[in-house]
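Just so you know, the sequence shown maps onto residues 509 to 662 in the numbering used here.
Since the hints were derived computationally from the structure, they do not count as laboratory data. A couple of the hints might just be wrong.
[Claimed, not checked] Taking lysine to aspartate or glutamate and the DMTMM-like style, the derived pairs with C-alpha atoms no more than 20 Å apart in a straight line are:
#: 1; residue 1: Lys632; residue 2: Asp617
#: 2; residue 1: Lys632; residue 2: Glu536
#: 3; residue 1: Lys632; residue 2: Asp528
#: 4; residue 1: Lys591; residue 2: Glu552
#: 5; residue 1: Lys563; residue 2: Asp516
#: 6; residue 1: Lys632; residue 2: Asp614
#: 7; residue 1: Lys592; residue 2: Glu571
#: 8; residue 1: Lys511; residue 2: Glu633
#: 9; residue 1: Lys591; residue 2: Glu571
#: 10; residue 1: Lys588; residue 2: Asp531
#: 11; residue 1: Lys563; residue 2: Asp656
#: 12; residue 1: Lys511; residue 2: Glu600
#: 13; residue 1: Lys563; residue 2: Glu600
#: 14; residue 1: Lys563; residue 2: Glu539
#: 15; residue 1: Lys511; residue 2: Asp531
#: 16; residue 1: Lys511; residue 2: Glu536
#: 17; residue 1: Lys563; residue 2: Asp531
#: 18; residue 1: Lys632; residue 2: Glu552
#: 19; residue 1: Lys511; residue 2: Asp587
#: 20; residue 1: Lys511; residue 2: Asp614
#: 21; residue 1: Lys588; residue 2: Asp614
#: 22; residue 1: Lys563; residue 2: Asp614
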Amino acid sequence: MAKVIGIDLGTTNSCVAVMDGSDARVIENAEGARTTPSMVAFAEGDERLVGQAAKRQAVTNPEKTLFAIKRLIGRRHDDKATKKFTELVPYEIAASGNGDAWVRVDGEDYSPSQISSFVLRKLKEDAEAFLGESVTQAVITVPAYFNDSQRQAT
């Protein structure tokens, strides 16, 4: 029977676990850590870095290193919380065609869900490497304070 993983997609760090008998076991990532920074960076060319690799180069590439994206999930660009958040980050936050808050890197717009999917993909790949089998199902945590729009976007 295929394994189902559990993912805690955090604002700062994320982790993935699997049931091992009656106990949950947190899976170490490719770097050997139990948590993965919830960061995505766009490097030279088409290279996209996720997790620790993105965090390592954040100081030298701040405008293209995306962090705390979870704070934008399901939010409108003109939302008061979005405006405040915009003042705290070095990357550009833009309005999508429907007014949602997206991020812009090198003139290309990405939804917060799309950026989060890059982190989720890394966690899935780390879990597959650990388990030695393909993962097709996952449960993803959602904070209790998220509204319905934020839950759906996650």
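Going down the list of hints, with the structure as the test:
1. Under the criterion of a C-alpha separation no larger than 20 Å, the hint pairing lysine 632 with aspartate 617 is inconsistent with the structure, at around 24 Å.
2. A distance of roughly 11 Å separates the Cα atoms of lysine 632 and glutamate 536; the hinted pair therefore holds under the 20 Å criterion.
3. Distance check on the hinted pair: lysine 632 and aspartate 528 sit about 17 Å apart at the alpha-carbon level, within 20 Å; holds.
4. With a C-alpha separation of about 29 Å, the suggested pair lysine 591 and glutamate 552 falls outside the 20 Å cut-off, and the hint is violated.
5. Restraint check for lysine 563 and aspartate 516: the C-alpha separation of about 18 Å stays at or below 20 Å, so the hint holds.
6. Of the pairs offered as hints, the one joining lysine 632 and aspartate 614 is violated, with about 27 Å between alpha carbons and a cut-off of 20 Å exceeded.
7. The straight-line distance between the Cα atoms of lysine 592 and glutamate 571 is roughly 17 Å, inside the 20 Å bound, and the hint therefore holds.
8. Between the alpha carbons of lysine 511 and glutamate 633 the distance comes to roughly 13 Å, so the proposed pair stays at or under 20 Å and holds.
9. Between lysine 591 and glutamate 571 the alpha-carbon distance is near 17 Å, which keeps this suggested pair within the 20 Å criterion.
10. Taking the CA atoms of lysine 588 and aspartate 531, the gap is near 42 Å; set against the 20 Å cutoff, the hint is violated.
11. The straight-line distance between the Cα atoms of lysine 563 and aspartate 656 is roughly 30 Å, outside the 20 Å bound, and the hint therefore fails.
12. Annotation: proposed proximity of lysine 511 to glutamate 600 is violated, straight-line Cα distance about 38 Å (limit 20 Å).
13. Proximity of lysine 563 to glutamate 600 is assessed by CA-CA distance (about 18 Å); at most 20 Å being required, the pair is judged to hold.
14. Restraint check for lysine 563 and glutamate 539: satisfied, since their Cα atoms lie roughly 13 Å apart, inside the 20 Å limit.
15. Among the hinted pairs, lysine 511 with aspartate 531 is consistent with the structure: their alpha-carbon atoms are about 14 Å apart, no more than 20 Å.
16. In summary, the hint linking lysine 511 to glutamate 536 is supported, as the alpha carbons are separated by about 16 Å, within the 20 Å threshold.
17. Our distance criterion of 20 Å between C-alpha atoms is broken by lysine 563 and aspartate 531, whose separation comes to about 31 Å.
18. At roughly 25 Å between alpha-carbon atoms, lysine 632 and glutamate 552 are farther apart than 20 Å, so this suggested pair is violated.
19. About 39 Å separates the Cα atoms of lysine 511 and aspartate 587, which puts this hinted pair outside 20 Å; it is violated.
20. For the suggested pair lysine 511 and aspartate 614, the alpha carbons sit about 38 Å apart, so the restraint of at most 20 Å is broken.
21. Between lysine 588 and aspartate 614 the CA atoms are separated by roughly 25 Å; this puts the pair beyond 20 Å, and the hint is violated.
22. For the proposed pair lysine 563 and aspartate 614, the alpha carbon gap of about 19 Å is at most 20 Å, so the pair holds.
When each numbered hint is compared with the structure, violations occur for hints 1, 4, 6, 10, 11, 12, 17, 18, 19, 20 and 21.
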